[in-house]
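Top line first, the protein sequences correspond to chains A and B. Just add 36 to the spot in the first sequence (first one is 1) and you have this note's numbering. Just add 36 to the spot in the second sequence (first one is 1) and you have this note's numbering.
Because the hints were derived from the structure by calculation, they are not lab data. Hints may contain errors.
Which copy is meant is left open, because identical chains are indistinguishable; a pair holds if it fits in one copy or across any two.
With a cut-off of at most 25 Å between alpha-carbon atoms, the simulated SDA-like pairs for lysine to any residue come out as follows [said to hold, decoys possible]: (1) Lys167 <-> Lys178; (2) Lys40 <-> Asn126; (3) Lys178 <-> Thr162; (4) Lys72 <-> Thr179; (5) Lys66 <-> Ser204; (6) Lys72 <-> Cys145; (7) Lys166 <-> Ser204; (8) Lys72 <-> Ser151; (9) Lys42 <-> Leu140; (10) Lys42 <-> Thr179; (11) Lys66 <-> Thr105; (12) Lys82 <-> Arg121; (13) Lys178 <-> Ala201; (14) Lys167 <-> Phe44.
2 protein chains.
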Amino acid sequence: MDMKEKIFEIAQRLIQQRGVNGFSYADIAKEVGVSKPSLHHHFATKTDLIARLMERYTEQLTEYLESRTNLSAQEALNAYFNLYRQNIENERVCMGGMLSTEVLTLDPCIHPLLSRFFNYQQEWLTAILKKGQSDGELKLTKTAEQQACLIIAALQGALIISRAAGNSTFFNQSITGLYTELT
Amino acid sequence: MDMKEKIFEIAQRLIQQRGVNGFSYADIAKEVGVSKPSLHHHFATKTDLIARLMERYTEQLTEYLESRTNLSAQEALNAYFNLYRQNIENERVCMGGMLSTEVLTLDPCIHPLLSRFFNYQQEWLTAILKKGQSDGELKLTKTAEQQACLIIAALQGALIISRAAGNSTFFNQSITGLYTELT
DNA sequence: GTCTATAACGAGATAGAC
DNA sequence: GTCTATCTCGTTATAGAC
């Protein structure tokens with residue numbers, strides 16, 4: 037694996053666990069096994085690293101969801117829930133959620149990257165929900181747009197609260213109810 | 037207003053807007069109009085300030101909710117939603133949600149304070165939902181416990197995402213759907 | 001209860017050699 | 001592409017005078 041990729045993966049974990057304001061270049065350098073100035077060679081500033089990482093994160097999400105658009109609505113929804121669920125056992129939260137809480141401390145060039153991350157999910161979910169409804173596979177008690185926002189908000193919030201509690205109980209309670217209501 | 041109260045209010049705003057790792061004693065000192073060492077006289081360490089502040093925050097929430105336990109289930113639910121909604125216009129998120137994202141960087145003495153904050157809300161909401169169901173005032177499509185977790189998670193997540201987007205659209209979409217489904 | 005002065009440390013970032 | 005050395009600044013916290 038090349039150096040840029042190594043830096044990406046360690047920085048991403050640090051952000052998902054501790055936040056942008058909770059880690060430093062020194063932390064990455066220590067784990068990667070190079071000096072701090074070497075990191076600046078690959079990413080001139082911390083803001084640059086965050087921006088490139090958020091772009092990569094969104095791209096990976098897009099690929100994951102696009103490759104599952106042709107599944108049944110129930111399976112697609114399940115795949116989406118699992119995307120969030122896998123973070124708990126690693127003591128991570130979503131990078132988009134983490135950066136959102138820190139948004140007022142971040143360089144403004146990050147803001148549109150955050151909007152893009154959430155807008156994409158909103159559109160993907162809305163389409164899946166509409167498909168599921170017309171297929172008779174999902175039951176909607178509100179508009180697809182409202183349900184999509186609610187699902188995203190619930191997953192983000194449940195992940196953050198569950199991770200802080202140190203177990204997955206809260207996440208499971210929230211999402212099981214949500215899923216059984218829809219199916 | 038006495039000095040401790042001044043410090044509390046400014047520190048609370050800074051945390052809700054920027055996070056524990058996004059502000060310093062210098063920021064408070066500047067706004068209060070005293071020197072940094074004077075702050076240490078009132079709160080010996082930053083961790084001490086955070087802990088006292090979180091206790092106060094939970095106490096205020098408890099008083100707010102207890103005083104509304106005798107309202108109708110719909111009105112109580114509305115009061116709870118408004119508690120979260122008022123943060124958006126001030127560019128704040130919930131202090132409990134903010135500290136939860138930063139939990140791995142905080143002194144462990146903060147952890148039980150966070151658990152208490154969320155456990156209390158869970159119990160209060162569950163009771164309200166059960167009452168509303170037996171009164172025929174609320175419709176539940178899942179257990180009261182699951183619905184309570186889902187509501188808390190959705191409010192936290194929607195607040196974080198909406199605040200980052202810079203408008204209340206996402207929050208309103210999420211919560212309007214949730215409320216109309218229940219009533 | 002507030003101040004000045006300062007300690008001790010870690011942050012992001014740069015210069016310049018190899 | 002990596003290093004050592006260094007800069008500048010901000011951080012939490014303490015000592016001790018008023």
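To see whether the hints hold, each was checked on the structure:
Proximity of Lys167 and Lys178 under a CA criterion of 25 Å is satisfied in both settings, with 15 Å inside one chain copy and 23 Å between copies. Only within a single protomer do Lys40 and Asn126 lie at most 25 Å apart by alpha-carbon distance; the minimum there is 22 Å, versus 39 Å between protomers. Taking the closest pair of Cα atoms, Lys178 and Thr162 come within 25 Å of each other both inside a single copy (12 Å) and across two copies (22 Å). In the homo-oligomer, the alpha carbons of Lys72 and Thr179 never lie at most 25 Å apart, since the shortest distance is 50 Å inside one protomer and 52 Å across protomers.
For the homomeric pair Lys66 and Ser204, neither the shortest alpha-carbon distance inside one copy (31 Å) nor that between copies (41 Å) is at most 25 Å. In this assembly of identical chains, Lys72 and Cys145 lie within 25 Å of each other by CA distance solely inside one copy; the values are 24 Å within and 32 Å between copies. Taking identical chains as interchangeable, the C-alpha atoms of Lys166 and Ser204 lie at most 25 Å apart only when they sit on different chains, with a minimum of 24 Å there against 29 Å within one chain. In this assembly of identical chains, the alpha carbons of Lys72 and Ser151 never lie at most 25 Å apart, being 31 Å within a copy and 37 Å across copies at closest.
Within a single copy, Lys42 and Leu140 get their C-alpha atoms only as close as 28 Å, which misses the 25 Å cut-off; across copies the closest is 22 Å, which meets it. For the homomeric pair Lys42 and Thr179, neither the shortest alpha-carbon distance inside one copy (42 Å) nor that between copies (44 Å) is at most 25 Å. For the homomeric pair Lys66 and Thr105, neither the shortest alpha-carbon distance inside one copy (40 Å) nor that between copies (52 Å) is at most 25 Å. For a Cα distance limit of 25 Å, the shortest separation of Lys82 from Arg121 qualifies neither inside one copy, at 28 Å, nor across copies, at 33 Å.
Within a single copy, Lys178 and Ala201 get their C-alpha atoms only as close as 31 Å, which misses the 25 Å cut-off; across copies the closest is 23 Å, which meets it. Proximity of Lys167 and Phe44 under a CA criterion of 25 Å is satisfied in neither setting, with 36 Å inside one chain copy and 50 Å between copies.
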